[in-house]
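Here is how the chains run, residue by residue.
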Amino acid sequence: MEKSAWFVWPFMLGFMFALAVLLLRYLWWLRSLLRRPSSRLLSRMFSKHSLLAVREIFSEGLLHLRIYKRNRRLGFMHMSLALGWFMMIVGGKFETWFHSGQFLHGTWYAVFFRYFEPQTVGGWAGTFWLHYMDFGLLLVLTGLALAIVKRIRKKVLGIHSTTRHTLVNRVALTFLWMIFPLRLVAEALTFGQHGGGGFLTGALGRCCFTSGTLAGLELPFWWAYSLSLGAFFVVLPFSRYLHIPTEMVLILLRHWGLQAAEDLQPEKALQAFEIHACSSCGLCLDVCPAIKDHPFQSAYFLRALRSGKGWESLASTCLSCGACEEACPINLGLEKLRMAARGKIHEKHHAVYSYLPTVGPVETSKVDVLLFTGCMGRLKPATTKALKDLFEEAGLSWVHLDEQESICCGRPLALAGRASEASALREHNRSLIKGQQARMLVTTCPICLKQFRDDYRLELPVYHHSEVLWSCLSSGSLKREKGTACFSYHDPCELGRKSTCYQAPRELLQSCGTLLSLEREQADALCCGNSLGSLSLSLSERQALTSRTLKVLEVPGAQSIVTSCPLCQHNLARQSSLPVKDLAEVLAVTGLPEQQGQRKAALAAVQEL
Amino acid sequence: MRSSEYINKDEVAIIGGGPAGMQTALVLSARGFSVRIYEQKEQLGGHLKGWHHLFPHGVAASDLLGALKEQVLARAIPLHLGQTVDHLQKVGEGWELWQGETVVGRAGVVVLANGFALFDARRKEEYGYGLYPSVLTSADLEAVFRKERPWPFGPDCAAPQIGFVHCVGSRDLKCGSPHCSKLCCVTAVKQAMAVKAFFPEAQVYCFYMDLRMHGLEYEELYRKAQVDYGVRFIRGRLSEAAPGQGKRLHVKAEDTLQGRPLHLQLDMLVLMSGMVPTFVLEQQERAVFFKEPVFGSGFVPVQGFLAAGSVVQQKGLFASGACKGPATLPEVFADAAAVACEVEQYLKSLKAVAHA
Ligand SMILES: Cc1cc2nc3c(=O)[nH]c(=O)nc-3n(C[C@H](O)[C@H](O)[C@H](O)COP(=O)(O)OP(=O)(O)OC[C@H]3O[C@@H](n4cnc5c(N)ncnc54)[C@H](O)[C@@H]3O)c2cc1C
Ligand code: SF4
Ligand code: SF4
Ligand code: SF4
Ligand code: SF4
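Sequence order for the protein chains is R and B.
Number 528 in the numbering used here belongs to position 509 of the first sequence; there are no gaps in the numbering.
Number 403 in the numbering used here belongs to position 275 of the second sequence; there are no gaps in the numbering.
If we strip away everything but chain R, and leave its shape as in the complex, we get (with noise of 0.2 angstroms):
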């Protein structure tokens, strides 16, 4: 068929131009592995790491299961945009061979392969074909009307906040939203022009585009469709969209062995594909405790990083509650972002501790537990003093490391993205600890537990306190009878999300009561407002989030709020109107009923007396 083919011009020209841009920029940010590629890497590459990479790409990046299983109605709108399209490139490519039987042909052949040939001929499989692509074109046109939905009522997709755009992020939302339309339009017009054509287009052709005067449109819609695909592609390197092929290179990358700097470079190595790999998906922003107040999401901070401007105040504002990172459907690490960038922000101030006293070893002796109540624990000596008494009743014997003199754990200066002063806090505290003879190391503080698990290296087991009582609860050392009690848990950021303790406390609870079910809870929970992750949110912000997380806890027939975080119980009780005990009061409290029975029966004693 001899037609001009001039129109797909601007297509292969913006196609081109966005292949160039995105091989430079990922050469630039791979320039030091280019370099210097580790054995490992290369090991790793020729090994089942690749083929995992693949299922995850298709996983992840195709049918984006991780959003359907948070929400199915928005997964369906991105799964149904990636895999429709993914469809069409890849039927397409099967077609032009089939028909052509010549495997290799110009990129722009299988694009515009219907205005070139719109009756295809060769049976069954030439019928399979055009119905085949005509579904890519259907599945890519419900995703799209969903995301129109999804601008105009969010509610519609289940979620309540959606990202806001910049400028080029809209230019290239028009453009990509023009392009499939287009060529429905384009099509239909083609084989209403021409006859053939499968459900969809074929259908449309017959119906509206037969007439004669129509078919000055063809041409002019065959150029706005390759228009609007040039276009698209000329700005897709500089839109939210460089995330469809950044997260493909991500994922391989990951698999690889690959692992994002301490220190923040946003245009080099991982970080930089981590942070391009972000498709706005707007995840992170409902589950976020602070979505009414701030525009700190992940999402934005993500987007400042790569614009390069103003990532400082998001980046410390954020309370590092963990939701976005466990909510995030492309795994981002997105808490090492945010301290890689803390320490970016700090990297100038030269704090001194040197007039700090020193603190000496603590005496040495053989006992089950050494105890770190951290200096959160100095705000709440109840606790402190009931975990005491439940360790003595369950026989277990202890030293308690920072009784009379305490250090910090070294988590906050963490949190801060001071790495080097909190490195130099770890090093005194494992001299203190290693001078010890405990079986385990026991923290009151959630804080405390997740920077001595992942930062100290330690010889003996760390544990926070309420899996040590849980442990001595299912031996037996400890028992307890369920009473008529009624507790809401609260999941602490550090402990639950952070350290993935969620059944412990649980168990615990129902052992003395009855727990009740929340609308928020376990990795949903919120954060209690109070976190030592955020450096700048004010006091009155602080106390905004605390009262919302409280009408989440304060559910009807609960008696008391119970958490297992010394700075989540100072912080929750100051404002609530239930009673917010740790984990551990409750437990002494309850006793064992002889006990009870026993200390009445003591009272009633000294009282006759």
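The hints are simulated quantities; they were obtained by calculation from the structure and are not laboratory data.
What you are looking at is a predicted structure, and each value in this text was computed from that prediction instead of being measured.
Treat the hints with care, as some may be off.
Said to hold, decoys possible - Cross-link-like lysine-lysine pairs, in silico, DSS-like; alpha carbons within 25 angstroms at most:
id, chain 1, residue 1, chain 2, residue 2
1, B, 302, B, 380
2, B, 310, B, 324
3, B, 380, R, 404
4, B, 302, R, 311
Said to hold, decoys possible - Stretches of chain R that chain B covers, calculated by requiring three or more beta carbons in the stretch to come under 8 angstroms of a beta carbon on chain B:
id, segment
5, 394-405
6, 585-595
By construction, the Cβ of each residue, glycine as well, lies at the ideal position given by its N, Cα and C atoms.
Keeping the supplied structure of chain R fixed, place chain B with the ligands upon it in accordance with the hints.
For chain B with the ligands alone, coordinates are given in the frame of chain R:
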């Protein structure tokens, strides 16, 4: 519909039989109005009945209370003791006083004199109140002076080390009490001197943020405490109290004037608990409920700016004394007289309308 006929428009009901309630009642009664006092406890006196002696001159609290009670008795002011009013219902121009499901009184005018509550020091757990027996509140110490409870250290301790912590639950945004309780500074000075009088060998420290000696002769008292009694004033907030050697407390603070951390072993720690509201008013249509305060609740709001007693948005409802915010006894008495005047004006204005 109940008619307002059965309410005696001239009668004034006073809720609270503390210094403010008694004094308001006395002034009104002297000016010829019929008043009644509703008090939730079995005795009159409010917080005053728990105090030992009063700043700045050391008058015995029981003397002052005795004199007040005597006058109330002499004027035969009807007393409704043991009655906790929990809400008011508007009927016509007047009010019904309710306790739960029953009406306990009716009056044309109601004066709130419910006073204040002490900040629950257990909320500052780091100071160990309720956890360690040697941590007391200022009110507990008054009870010790009154011999209603023992000293927290044994008789063998002749030179006890004693600390006073200012601003516990006051000037503390995080606790939802941003206000200064304004009389705990001078109370600490008064109590520190009293402790030194009991135990001349004692070492007494006051940990303060800044000292607010606003009243007549308070500053002089503060000077006396330093010069004559050797009380040591340390500017800095206490960070925590922990178990120390033996039965002692280990206390950590920072001396912000000298810029160095302090560690002390104490035999007794006294927390100057702040004054907080006893209730919040929940104003509904033609009813006022007295509700448990929540985080950040304020005192009873009154109209106008200076020395006003008329409760915001409610005609015929007044407030007197410390229920409007921290006040010393001289202030409470002055305020009571002013509120009584306002009540008189109000009743007269009603009469004028009725005549016209
Ligand atoms: C530690 C301490 C020491 C002090 N020492 C001094 C001092 O030396 N000199 C000085 O000038 N001032 C002193 N004060 C201040 C003094 O105590 C107050 O100014 C005074 O008590 C205020 O009187 P009031 O009547 O307004 O309140 P309150 O004394 O609190 O009396 C209120 C009364 O209302 C009653 N009531 C409350 N609610 C209801 C209800 N719903 N129904 C019925 N009755 C109700 C209460 O039972 C109580 O009897 C001190 C305060 C503190 C905290
Ligand atoms: S950070 Fe993750 S969850 Fe948030 S918008 Fe980006 S991809 Fe989505
Ligand atoms: S870490 Fe928590 S507070 Fe910070 S952006 Fe994520 S969800 Fe919001
Ligand atoms: S993490 Fe928190 S509680 Fe634990 S030692 Fe450090 S500052 Fe203290
Ligand atoms: S009077 Fe003194 S102790 Fe009391 S709140 Fe004010 S400053 Fe603090």
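(message) Tell me the numbers of any earlier hints that the structure contravenes, in ascending order.
(response) Violated: none.
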